[in-house]
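Note that the protein sequences, when read in sequence, are chains A and B.
For the first sequence, the residue numbers in this note's numbering are 2 to 222.
For the second sequence, the residue numbers in this note's numbering are 2 to 222.
No wet-lab data here; the hints were simulated from the structure.
In this text the structure is predicted, and so the values were computed from the model without any measurement.
Accuracy of the hints is not assured; some may be wrong.
Pairs count within a copy or across copies, as identical chains cannot be separated in the list.
[Claimed, not checked] In silico EDC-like pairs for lysine to aspartate or glutamate, Cα to Cα no more than 20 Å straight-line: (1) K220 - D175; (2) K38 - D134; (3) K107 - E37; (4) K220 - E157; (5) K107 - D175; (6) K107 - D26; (7) K220 - D155; (8) K220 - D181; (9) K129 - D179.
2 protein chains.
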Amino acid sequence: MQIALLGGTGDIGEGLALRWGHDTDHDIVVGSREAEKAEGKADEYNAELADRGVDAAIAGRENPEAAADADVVVLSVPAYYLADTIDAVAGNLDGSVLVSPAVGMKRDGAGMHYNPPGVGSVTQLAAKSAPDDVPVVGAFHNLAAGRLADLDADLEWDVPVVADDADAKSTVLDLAEDIDGLRALDAGGLSNAAEVESLTPLLINVAANNDGLHDLGVKFW
Amino acid sequence: MQIALLGGTGDIGEGLALRWGHDTDHDIVVGSREAEKAEGKADEYNAELADRGVDAAIAGRENPEAAADADVVVLSVPAYYLADTIDAVAGNLDGSVLVSPAVGMKRDGAGMHYNPPGVGSVTQLAAKSAPDDVPVVGAFHNLAAGRLADLDADLEWDVPVVADDADAKSTVLDLAEDIDGLRALDAGGLSNAAEVESLTPLLINVAANNDGLHDLGVKFW
């Protein structure tokens, strides 16, 4: 399967690229607004994986080219850039599944707060911004980027996945399970996305307020 | 320490009464709108604990009498009855810490959704409804009542706790840790309560949508 990580040069995109590159045979393409930046980051990821004996051959391309041949397109960009990023690749999404991991948050003196857009959640904003025939799946909202990108770190995290399209949801559940240590869970439809996204500021607040806890994910049991 | 569980005749109240009765020496008082119902439930809990060799001496009283001598008063009532319950005991809360575990939710065809009151969260509604000098702490929102009340079940759950009053928060963090298998975590101030409460519909949705999962709690790591 070919996976494009738009905005894959930073944060959650780096972690997903390294994990899929390390744990699977999927073709990974890092996308960016600048081709040169995407290529540079892809080289970095390939070098890190080569050190571990993995020939991942991750490619780097401008976002629209990264999306063009992908089966799954992950919007690993900040919520603020989500709609613009979808607009930039909209013509190249035919037949793809679009994945939204972004969370809208605001910080004040009391910590992090969930700050959803008017449609209810960032995942629903992605669905609203996407072409009508492109299914949108919410996933990977609650992964701490630092630990995800550290291939020496064990994960043992759950990944709640939401979507209205059953086939697209199934594809992304499988892709999440392909990463060692992740358990993918069906958390409902797109209208259930706000509860998944809300978990991210909670994880950040718990890490900030309790000694010895950092880079937190979640396990349901 | 004396703990009153208002609405302690059902749901989360039963579980907390049994767990504190079993695992600690705290004095537990079950409160209800009807003294007879409270006494009947207290008798049930005492009988179950006696079967396990524990003499807990849980008492049952009408809500205002249950609150009167308590150091900690837990509002284990549905969100809908929260303000009325606080009003009924307001004159008896002097020197007490008020604990709010309720979550506002609504269900539709897609599952459970977080449905907070206008002030942002049920915990903040409790704070608004309480007398000014009574500190309010949000805790125990995410405990599955069925497993909590089953003394044969291991928990290993986290309990995010939110409050603006540091002493009251500390008291409730300790009370949560007194229950075997619960780890209490500081999740911030009252303005961070919505993210804690939102986790409950997510847990319900995950349990509903995934085979083999039920009565879920959460562990951060």
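If you test the structure against every hint from before, which numbers come out violated? 2, 3, 5, 6, 9
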